[in-house]
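Student: This is what each chain is made of:
Number of protein chains: 2
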Amino acid sequence: MPEMNRRLVLANRPHGMPKESDWRMESAPVSEPEDGKILARALYLSVDPYMRGRIATSKSYAKSVEIGETMVGGGVGRVVASRHPDFQAGDTVESMAWGWQDYAVLDPKITRKLDQRYGSPRDALGLLGLPGLTAYFALLDVGQPNPGETVVVSSASGAVGQVVGQIAKIKGCRTIAVAGDDRKIDWCVRDCGYDAGVNYKTAKDLPAALAAVCPDGIDVYFDNTGGPIHDAVMGLIRLRARIIICGTISNYNRLGEPDMGPRHLRQVLINRARIQGFLLWDFQHRYQEAITQLAAWAKEGRIKYREDVMDGLQNMPRAFLRLLTGENFGKLLVKIADA
Amino acid sequence: MPEMNRRLVLANRPHGMPKESDWRMESAPVSEPEDGKILARALYLSVDPYMRGRIATSKSYAKSVEIGETMVGGGVGRVVASRHPDFQAGDTVESMAWGWQDYAVLDPKITRKLDQRYGSPRDALGLLGLPGLTAYFALLDVGQPNPGETVVVSSASGAVGQVVGQIAKIKGCRTIAVAGDDRKIDWCVRDCGYDAGVNYKTAKDLPAALAAVCPDGIDVYFDNTGGPIHDAVMGLIRLRARIIICGTISNYNRLGEPDMGPRHLRQVLINRARIQGFLLWDFQHRYQEAITQLAAWAKEGRIKYREDVMDGLQNMPRAFLRLLTGENFGKLLVKIADA
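Chains as they are written, first to last, in my numbering: chain W, 47 to 385; chain A, 47 to 385.
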């Protein structure tokens with residue numbers, strides 16, 4: 047009898063906050079890879095904010111998952127069978143196009159073989175994967191931080207934010223963490239070297255709380271959230287501030303509806319500020335540069351990386367809901383199988 | 047008896063739309079220039095949107111005019127007396143720091159002697175002055191238009207907008223005029239070479255009207271207004287769009303109040319767009335480059351420049367109100383004296 051593949055398909059298109067029942071587990075025999083493809087078994091699957099956009103109907107940078115289709119997502123695993131000369135059974139691989147399933151037939155063009163000299167398979171979904179690379183290119187290439195500047199990061203302990211804060215510190219900046227949980231703030235300051243933090247959920251007056259820890263204003267804002275944190279920052283930007291729009295999770299459950307707030311255009315004009323959107327895909331040709339540098343910083347002990355690991359494919363929907371509500375603490379992963 | 051200088055001082059700080067009585071005419075003997083300064087008599091004074099910000103109390107890029115102080119503004123005129131070796135009586139000069147008055151004592155450091163080979167004294171307040179230079183640097187350096195791209199300009203027939211549209215056309219772009227008057231739109235298309243125009247005041251559905259003339263989306267938006275035009279454009283931006291924030295006149299009479307609207311952050315992220323504020327001061331070291339190029343284009347007949355000229359110092363407040371309500375048609379100037 048053939049091995050079975052479990053997969054989670056989209057059962058309902060959520061409006062507002064998704065629920066676990068928006069996905070449904072299905073089982074089918076594991077496919078044989080066609081010529082030129084590889085078959086791999088998942089070790090860890092990644093849980094990322096962008097997935098919310100992929101199950102919305104509003105325009106995004108990629109097409110939406112249809113009802114009945116396997117939910118999209120990245121993962122790492124081991125090659126089980128290969129019909130491509132560059133991959134062999136036993137290789138450890140990472141792909142953005144894994145999907146929420148045990149076994150994936152992968153296209154080698156968008157699959158990378160992991161070199162374990164840089165880090166563990168899990169690292170390929172975190173510090174040395176999409177979140178770490180996002181932090182690296184968005185902060186350094188778009189944000190262009192200079193020594194002595196004040197860098198504010200929202201979702202500061204999250205998969206991307208924790209790396210942003212530590213790179214900014216390495217570059218000589220003053221770093222301010224914004225998060226929604228005092229434990230996260232404490233960890234950012236104690237373990238990630240952030241100079242100060244603001245809890246946006248408990249601050250009575252968020253602009254005032256942020257102003258208190260940014261007495262000279264804000265030079266770079268790494269925006270993982272949008273919403274009221276964005277607004278509070280915009281009131282404090284300095285001349286030639288750079289605002290990197292990397293995520294808009296505050297509005298993810300209202301996609302398609304207008305995200306109302308102050309326009310800030312006067313602030314942008316007066317300060318000759320730059321607000322710029324970021325998507326990692328644009329930097330594909332430079333991934334190796336970032337992996338080499340991030341792995342070196344990790345080895346030197348200058349960057350640490352906190353993960354929040356859950357267990358079992360069946361828990362992917364629950365993991366995703368924890369991410370959307372900010373209950374996770376660190377990069378959220380789900381362990382699918384032992385090595 | 048000494049010659050008298052008439053000047054308009056700020057009498058009341060307006061909240062909302064200013065009125066003529068917010069300024070008061072005063073008379074005083076003409077001052078002698080102190081050592082190192084020059085005394086000049088106005089030919090034309092300029093009327094510009096930025097002046098609204100200078101009589102507001104909210105933070106801007108320059109300090110506010112106090113009650114009883116001479117209203118700020120630029121002008122051109124003739125030197126009457128000079129106590130600086132670089133200037134002589136009879137020279138034609140332009141200064142941003144003229145003020146609403148007949149005679150100004152000018153600081154040579156912020157006064158330029160006009161070379162009439164480039165244009166007339168009036169040109170120094172228009173095509174070859176603040177508006178033309180703003181159009182040149184903001185479009186070319188911040189907007190970076192490429193041939194074939196779609197460039198949308200708000201206040202398209204205004205002092206800045208008309209130059210933006212014509213430079214964009216010279217650079218091979220498709221150009222779309224947004225204005226609030228069909229006569230202005232007609233002139234933009236017929237005389238400035240805009241490919242199409244939208245009347246934002248009469249369009250029933252502004253986003254749809256704009257979409258109809260921008261079937262491929264918008265690559266560059268030269269934003270002189272902010273507000274609903276900004277919002278309509280943001281819904282149509284293309285990959286790597288550039289939005290130049292050059293003026294926010296739609297909100298000028300509510301300065302200090304939040305300018306509420308959609309945040310557009312998702313659009314910025316998805317399209318990796320760049321929104322950037324512009325202030326001409328940052329390009330002072332390159333003014334001559336722009337003047338030379340703009341004068342050459344004008345001489346070749348590739349750029350024309352429409353002015354709206356009123357008469358008499360006493361009409362400065364009325365001219366300014368016409369500007370704020372969009373009643374002017376072209377660069378607004380007030381003639382103060384004959385050459």
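Just so you know, these hints were derived from the structure itself, not from any lab.
Mixed in with the good hints, there may be bad ones.
Because identical chains share one entry, a pair is satisfied inside a single copy or across any pair of copies.
Restricting the straight-line Cα-Cα distance to at most 25 Å, the calculated cross-link-like pairs of lysine to any residue (SDA-like) are [what the hints assert, rightly or not]: (1) Lys83 with Asp228; (2) Lys250 with Val76; (3) Lys155 with Asp262; (4) Lys345 with Asp187; (5) Lys109 with Pro167; (6) Lys247 with Pro167; (7) Lys109 with Ile316; (8) Lys155 with Asn58; (9) Lys381 with Phe329; (10) Lys159 with Val235; (11) Lys350 with Pro261; (12) Lys250 with Asp305; (13) Lys109 with Pro261.
Student: All the hints need checking, so say for each whether the structure fits it.
Tutor: Hints, verified against the model:
1. Lys83 with Asp228: Answer is neither; intra-copy 47 Å and inter-copy 60 Å both fail.
2. Lys250 with Val76: neither (54 Å within a copy, 56 Å between copies)
3. Lys155 with Asp262: Classified as neither: same-chain Cα gap 47 Å, cross-chain 30 Å, threshold 25 Å.
4. Lys345 with Asp187: within (23 Å within a copy, 42 Å between copies)
5. Lys109 with Pro167: neither (28 Å within a copy, 57 Å between copies)
6. Lys247 with Pro167: neither (34 Å within a copy, 58 Å between copies)
7. Lys109 with Ile316: between (38 Å within a copy, 12 Å between copies)
8. Lys155 with Asn58: Neither, since 31 Å and 68 Å both go past 25 Å.
9. Lys381 with Phe329: Neither: 28 Å inside a chain and 55 Å across chains, both beyond 25 Å.
10. Lys159 with Val235: neither (35 Å within a copy, 57 Å between copies)
11. Lys350 with Pro261: Classified as neither: same-chain Cα gap 28 Å, cross-chain 48 Å, threshold 25 Å.
12. Lys250 with Asp305: This pair counts as both: shortest intra-copy Cα distance 22 Å, inter-copy 23 Å.
13. Lys109 with Pro261: Intra 43 Å, inter 21 Å, cutoff 25 Å: inter-copy only.
Checked against the numbered hints given earlier, the structure breaks hints 1, 2, 3, 5, 6, 8, 9, 10, 11 and satisfies all the rest.
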